[in-house]
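**Student:** In case you want the letters, here they are:
There are 2 protein chains.
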Amino acid sequence: MATIKDIANRLGIAVSTVSKGLNGASDISDDMRQLVLDTAVEMGYASKKLKAGSTRKVCILIENMDYENIDQFGYEIIMGFKLSAARRHWEVCVIPADLNMQTAEKYDTYMLKNGFSGAFLLGFSLHDDWVKQLNKTTVPTVLLDNYIPVNPHVGYVGTDSVEGISIAVEHLCSLGHKKIAFLNGSKNSMVSDERYQAFLQSMEGQGLIPEENLMEYGYYVPDCAKYHVPTFLENGATAILCASDLIASGVIAELNKRGLHVPKDISVVGFDDLPLAAQLTPPLTTIRQDRTDLGKSAFLLLDGLIHNVSVSKMLLRAKFIKRASTAAAATDTQKSPQPQRLK
Amino acid sequence: MATIKDIANRLGIAVSTVSKGLNGASDISDDMRQLVLDTAVEMGYASKKLKAGSTRKVCILIENMDYENIDQFGYEIIMGFKLSAARRHWEVCVIPADLNMQTAEKYDTYMLKNGFSGAFLLGFSLHDDWVKQLNKTTVPTVLLDNYIPVNPHVGYVGTDSVEGISIAVEHLCSLGHKKIAFLNGSKNSMVSDERYQAFLQSMEGQGLIPEENLMEYGYYVPDCAKYHVPTFLENGATAILCASDLIASGVIAELNKRGLHVPKDISVVGFDDLPLAAQLTPPLTTIRQDRTDLGKSAFLLLDGLIHNVSVSKMLLRAKFIKRASTAAAATDTQKSPQPQRLK
Numbered sequence: 500m501a502t503i504k505d506i507a508n509r510l511g512i513a514v515s516t517v518s519k520g521l522n523g524a525s526d527i528s529d530d531m532r533q534l535v536l537d538t539a540v541e542m543g544y545a546s547k548k549l550k551a552g553s554t555r556k557v558c559i560l561i562e563n564m565d566y567e568n569i570d571q572f573g574y575e576i577i578m579g580f581k582l583s584a585a586r587r588h589w590e591v592c593v594i595p596a597d598l599n600m601q602t603a604e605k606y607d608t609y610m611l612k613n614g615f616s617g618a619f620l621l622g623f624s625l626h627d628d629w630v631k632q633l634n635k636t637t638v639p640t641v642l643l644d645n646y647i648p649v650n651p652h653v654g655y656v657g658t659d660s661v662e663g664i665s666i667a668v669e670h671l672c673s674l675g676h677k678k679i680a681f682l683n684g685s686k687n688s689m690v691s692d693e694r695y696q697a698f699l700q701s702m703e704g705q706g707l708i709p710e711e712n713l714m715e716y717g718y719y720v721p722d723c724a725k726y727h728v729p730t731f732l733e734n735g736a737t738a739i740l741c742a743s744d745l746i747a748s749g750v751i752a753e754l755n756k757r758g759l760h761v762p763k764d765i766s767v768v769g770f771d772d773l774p775l776a777a778q779l780t781p782p783l784t785t786i787r788q789d790r791t792d793l794g795k796s797a798f799l800l801l802d803g804l805i806h807n808v809s810v811s812k813m814l815l816r817a818k819f820i821k822r823a824s825t826a827a828a829a830t831d832t833q834k835s836p837q838p839q840r841l842k
Numbered sequence: 500m501a502t503i504k505d506i507a508n509r510l511g512i513a514v515s516t517v518s519k520g521l522n523g524a525s526d527i528s529d530d531m532r533q534l535v536l537d538t539a540v541e542m543g544y545a546s547k548k549l550k551a552g553s554t555r556k557v558c559i560l561i562e563n564m565d566y567e568n569i570d571q572f573g574y575e576i577i578m579g580f581k582l583s584a585a586r587r588h589w590e591v592c593v594i595p596a597d598l599n600m601q602t603a604e605k606y607d608t609y610m611l612k613n614g615f616s617g618a619f620l621l622g623f624s625l626h627d628d629w630v631k632q633l634n635k636t637t638v639p640t641v642l643l644d645n646y647i648p649v650n651p652h653v654g655y656v657g658t659d660s661v662e663g664i665s666i667a668v669e670h671l672c673s674l675g676h677k678k679i680a681f682l683n684g685s686k687n688s689m690v691s692d693e694r695y696q697a698f699l700q701s702m703e704g705q706g707l708i709p710e711e712n713l714m715e716y717g718y719y720v721p722d723c724a725k726y727h728v729p730t731f732l733e734n735g736a737t738a739i740l741c742a743s744d745l746i747a748s749g750v751i752a753e754l755n756k757r758g759l760h761v762p763k764d765i766s767v768v769g770f771d772d773l774p775l776a777a778q779l780t781p782p783l784t785t786i787r788q789d790r791t792d793l794g795k796s797a798f799l800l801l802d803g804l805i806h807n808v809s810v811s812k813m814l815l816r817a818k819f820i821k822r823a824s825t826a827a828a829a830t831d832t833q834k835s836p837q838p839q840r841l842k
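So the sequence lines, in the order shown, correspond to chains A and B. Numbers in this note's numbering are just positions in the first sequence, counted from 1, shifted up by 499. Numbers in this note's numbering are just positions in the second sequence, counted from 1, shifted up by 499.
In case anyone wonders, no lab produced these hints; they're calculated from the structure. Don't take each hint at face value.
Claimed, not checked - When the alpha-carbon atoms are kept at most 20 Å apart in a straight line, the in silico SDA-like pairs for lysine to any residue are as follows: (1) B/Lys581 <-> A/His806; (2) A/Lys812 <-> B/Ile666; (3) B/Lys635 <-> A/Asp802; (4) B/Lys581 <-> A/Glu669.
Said to hold, decoys possible - A few chain A residues that face chain B, going by a derived Cβ cut-off under 10 Å, partial list only: (5) Met500; (6) Ser673; (7) Leu674; (8) Gly675; (9) Asp792; (10) Ile805.
Yeah, the Cβ is synthetic: ideal placement off N, Cα and C, and Gly gets one too.
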């Protein structure tokens, strides 16, 4: 473990300058402070304060995810995390992360400079600069829904998508649906891949053939519905399983616009169980991710990593919430859904 | 939630008799006590003591697993669990489970009768009576290496076998091995299935073809080596990956008996990193399962389930431990291993 003296020797500067750099004193240049911090990280320096656990401070870094009110996905996750952290007397800083932060400074340097013992990263994707650095970080780090191989300092927390998707498919099959469309989340994401595989397996498990033209990616925006719903209808879908409640809300709006009634003409299932799910017309059948528990589990995992328990993965149960947006598939004798052509 | 009175009404007996049954009083018959307990469980009765959390008592039920000294797989798992439990002031009872216990009484009844708020099950297999009842249990329960679908009261803890196997295969490939044999654990177990799939994927990921006659099940006993090592050798294996250190110890003994030298003639990799792994000749290259951390994580998970955080899965990192039982594969110009025929 490198000491302040080692850093001073490496840089050929005074120990007092290193100390100023590490403690954020204002009487050295920004460049010198950055050099000291980067060298400290590179040499594996850990401050006495962090080592002794006297500063109990972690951060939630958040990007591409709304969290400011209870209707948004991140809100309860952050609440749950803070709740568990408070119980163990940890301070939590919630910090919106942007690309500038990530290009300005290395991840480990940022953490050392700010005295964080660990971090929970929300909404990051695998091509983010800081996520790319996680293969080698020594900072205890928890990701939501993203997996970093091998590094014992990084773990991930998420909801068991495989179980969630399979429960939804079973439910739709039990209602007689055979032509089930799947409007997935973002392409090139671990969770979307898992859900896609789970959808294929569940359909096959039910003796159904998943059809290429009934599977699309919706990038978690309601607006995607207008591109994909028409194709699904042309290909005979009687039910649409969506990767989020927001997507599902867009799908229902698009179906209504075309004169189709949910669930009489076509069934719709969401994912997440955001508060809005119960407010939609009709109230949405969905797969619940317990966001408060996700936050609590993320803190538990981070606390474990800080104490050298290398958990790589912690998955929560998905819970099926039956509401009014799903019903029996129209039988062959009934008229199959005939959408109005939009002008 | 059923009350003592509800149970008395259902059975047509006095409240005082129900109370005696629930509290283990000796002045009612065994049959009556059992009837009271079974009815209480069936009606979803939870005693006030358990509800109020005033008894903080959980159990470790253990079957088919040695745990009495540090050389055995279960020892550190139990230590880790007890350590975490003690820190939160929970009492832990370690109870060897046998088939009689399981046929004598339902799982939930046993837990209620003994005042356990939850249980950690070690070494059970999916065909055990009590495990079959876990689909419907309301007792917070953690399993090692076994997965129960859907039930939010049951979770599992284990080591990331997929990562472990893939690290081992990569290591052997980097040493030039192409004919890698895999001596797996017990058939029809979730972990063995996962490891088998991981082996196939890792081999294919390295551009190698996994061969049917180089993959067998060894049921975690060293003695299995004498059945499978000869076949592996006949089929040209230059390395044997084993699902446990115990299997690997048997494999090394069998190879030695046939005049083959590990690792010059053939490389051997274990799994677990039991204390014996470092004591073997040669010291065994293996994949470490951190058993203390498994125990700690199991307690964390159980604590979560008791507080209604439905974690379904918690996986620990596998860690590669390089010792002396692996070396470069003999090149084509060198003599390939020629085992002596045993009389």
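**Student:** If a hint holds in the structure, say so; if it doesn't, say that too.
**Tutor:** Outcome of the hint check:
With a CA separation close to 17 Å, the supplied pair B/Lys581 and A/His806 stays within the 20 Å bound. Simply put, A/Lys812 and B/Ile666 have alpha-carbon atoms about 17 Å apart, close enough for the 20 Å limit, and the pair holds. This hinted pair does not check out: B/Lys635 and A/Asp802 have alpha carbons roughly 31 Å apart, beyond 20 Å. For the suggested pair B/Lys581 and A/Glu669, the alpha carbons sit about 40 Å apart, so the restraint of at most 20 Å is broken.
At about 20 Å, the closest approach between the beta carbon of A/Met500 and any beta carbon in chain B exceeds 10 Å, and the interface hint on this residue is violated. A hinted interface residue such as A/Ser673 counts as satisfied when its beta carbon comes closer than 10 Å to some beta carbon of chain B; here the least separation is about 15 Å, so the hint is violated. Restraint check, A/Leu674 versus chain B: the minimum CB separation of about 19 Å is more than 10 Å; hint violated. Look at A/Gly675: its Cβ only gets to about 22 Å from chain B, farther than 10 Å, so that hint breaks.
Against a cut-off of 10 Å between C-beta atoms, the interface hint on A/Asp792 holds, since the closest Cβ of chain B lies about 5 Å away. Annotation: interface hint on A/Ile805 violated; nearest CB of chain B at approximately 13 Å, more than 10 Å.
Consistency note: the structure conflicts with the earlier hints numbered 3, 4, 5, 6, 7, 8 and 10.
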